[in-house]
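The listed protein sequences correspond, in order, to chains A and B. The opening residue of the first sequence carries number 1 in this note's numbering; numbering runs sequentially from there. The opening residue of the second sequence carries number 1001 in this note's numbering; numbering runs sequentially from there.
Keep in mind that the hints were calculated from the coordinates and are not lab data. If you're wondering where the values come from, they're calculated on a predicted model, not measured in any experiment. Virtual Cβ for every residue (Gly too), placed ideally from N, Cα, C. Just so you know, not all the hints are guaranteed correct.
Claimed, not checked - A short list of chain B residues far from chain A (calculated; beta carbon distances all over 10 angstroms):
| # | residue |
| --- | --- |
| 1 | Ala-1026 |
| 2 | Leu-1035 |
| 3 | Val-1095 |
| 4 | Tyr-1168 |
| 5 | Thr-1174 |
| 6 | Gly-1176 |
| 7 | Pro-1189 |
| 8 | Leu-1258 |
Claimed, not checked - If we take Cβ atoms under 10 angstroms as the criterion, some of the chain B residues that face chain A in the derived model are:
| # | residue |
| --- | --- |
| 9 | Pro-1077 |
| 10 | Arg-1094 |
| 11 | Arg-1162 |
| 12 | Glu-1236 |
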Amino acid sequence: MNLMQARSAEASQAIPPQDPLLSAELQLQRGERSIRCQLALREQQTLAIIGPNGAGKTSVLRALAGFLPIQAGRIVHRELGLFDDGDPGHLVAPEQRQIGMVFQDDRLFPHLDLRSNIAFGLEQATRSQRAAAREQSDDWLEQIGLLARAEALPAELSGGERQRVALARALAPHPSVLLLDEPLAAVDASARPALRALLKRMLRKYVGACVLVTHDAVDAFTLTQEVAVLEEGTLTQTGTVAEICRRPRSRFVADLIGVNLILAKLEEGRVHTWTGHEIVVADTAGLADGPVLLTLHPRAIALFPERPSGSPRNVWQAEVAAIEPTGDRLRVRLEGALHWVAEVTPAALAELRIEVGRPLWLAFKATELEAFPA
Amino acid sequence: MASARRDDGRVRGALVPRLLLGLGIAFLALPLAGLVLRVPWSELGTQFAEPALHRALLLSLSCSLGATLIAGALGFPLAYWLAHGRSARHKLVRVLVVLPMVVPPVVAGLALLLAFGRLGLVGAPLEAATGITLGFTPWAVILAEAFVALPFFVLAVESGLRSLDTRYLEVAATLGADPARRFRSITLPLIAPAVRAGLLLAWARALGEFGATITFAGNLDGATRTLPLAVYSALESSPEAAIALSLVLILIAVLVLLLLRHHWFPAARPAGVAS
């Protein structure tokens, strides 16, 4: 620890502290696919890397961790120095990078109980260190609500519980960089909201830099401040959640999102979009006042040539910007105060005479909106 | 085959397979029955009190244990190296490792004699330099047994290492564990069942060794006459003694099987080892 502080003091003289904790400019070759990517990770900030399968997201993470040497470029830690510059002689081994990593599969050590799993990354050379490691493990177990099962083996736990332990194990040694590789993907859908909430709580307390690789838009937008979109080995868009939502720069981003994502703010039970329009959400129970992310499935949006007179409480006006086929339906992109994606059948398209440039009314029920803390 | 089973688990179906099944079981059981039926139960006490039997039993146990230790010490690095490569060199060494398993033990004994015997490749210079000869000593027995037992240990451990899930080693690295700690805290505990099985198999093979021992180490009572050699020697003079000695060997074999049953018929797949 002292060495690290000394190194940190030394480094901070040379480099201003506002520099990113970890900066990476890397080039990788995975089979046919070459990956190029530039990232800057700062303390107390979580960057999401989203992208389709095979885009190279996991490879980027593995390069940062040290499992995959880069071909060219540089990975530099502000305090620990150069990690990799494509020269095998300069490659720093994963165990010397002070990284924590959570994988899609929990990878808990099957022969160790929960307490020993979490204590694994803690210094245990002396008897007093071992006692301290046990104590710290129990603190973590308490935080994740599994203290009563400290002596259980991983096989006795559910998938969601195991992933909670994996998260605690990765955070226990206080890594300076935390890498999360699809941490929620393999967990049961029913266990996911609770795990996502725990992850959010942990990340808020975490002082290091974090990278989250995911293909789930809700994870990316609820857990992180910044999003980088990786497509076919190249970063096609980086920006804040708001920027990405407002202007999905590629078809992929919009498709990946799949649903309408609306940034909004909850205040005294009323929800306003970031543009200041009120939007009626049926269920805001369990949400605190503050920024929220609303999702709306494209099929939940009904399109009308005239202002609809019925019951829907959310009625918006927009102009058709694009029409794209998706499966046996058509995806209609609309531009108005907000950007919308609706899905209609070819019959409806013909009936409503939907064409690019045509102004339409769209409506959806308040119950179709799902709200997440953002 | 599940559909061919009744609720009681008996196999239904054609006559021929059922006949073969019965024949197979009989083929395995009859020799055992033949031996057990001929056991001179009334004389067994005097047979077991025979000092020659004690000498053979002691020699067998100590030599087979020594051979197992050698197989483990030399076998582990071999297994580790073999499990982590597929080059031409690896293929060549694997052939070398498996050879003692497929070559007739007599041939293995002859080869050992020509290498470590008094006139052998290593044996002659060894004697010239130190005056030590290995042939016809318990050391020769240990060497012969280790030679034939080594492949069993190497193959068991190598397959354990190959099916070890390396993803656990990756996590351990992200938690700051250097290669030595990864080996100690992750690799070893996870392949422990394979190491145990390898040790037991090697020991069983060493215990039953006959051909290589009699060729390389000879058949000297008290020095190189292990239990199997004693059975062979007793056959002509006193079949009762041979049967009593055989009974001891069978009892040891049954004990080994009992110790191994958890690995061969585990209740669940061992943790951390992919199928």
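Quick rundown of the hints versus the structure:
At the 10 angstroms boundary, the C-beta of Ala-1026 of chain B stays outside the reach of chain A, the nearest C-beta of that chain being 42 angstroms off. Distance check on Leu-1035 of chain B: its Cβ is at least 42 angstroms (rounded) from any Cβ of chain A, clearing the 10 angstroms threshold; non-interface status holds. Distance check for Val-1095 of chain B against chain A: the nearest CB is about 33 angstroms away, which clears 10 angstroms, and the non-interface claim stands. Against chain A, the non-interface label of Tyr-1168 of chain B is violated: not every CB pair exceeds 10 angstroms, the least being about 6 angstroms.
A beta-carbon of chain A comes within 10 angstroms of the beta-carbon of Thr-1174 of chain B; the shortest separation is about 4 angstroms. Not every beta carbon of chain A lies more than 10 angstroms from that of Gly-1176 of chain B, the smallest distance being close to 5 angstroms; the non-interface claim is violated. Annotated as non-interface, Pro-1189 of chain B brings its C-beta within 10 angstroms of a C-beta of chain A; the closest such distance is 5 angstroms. Separation of Leu-1258 of chain B from chain A is adequate, the least Cβ-Cβ distance of about 24 angstroms exceeding the 10 angstroms criterion.
Checking Pro-1077 of chain B against chain A: minimum C-beta separation of about 23 angstroms lies over 10 angstroms; hint violated. Against a cut-off of 10 angstroms between C-beta atoms, the interface hint on Arg-1094 of chain B is violated, since the closest Cβ of chain A lies about 28 angstroms away. Because the closest C-beta pair between Arg-1162 of chain B and chain A is about 17 angstroms apart, greater than 10 angstroms, the hint is violated. Here the hint on Glu-1236 of chain B is broken, as its CB sits about 53 angstroms from the closest CB of chain A, past 10 angstroms.
Of the numbered hints given earlier, the model fails hints 4, 5, 6, 7, 9, 10, 11 and 12; all others are met.
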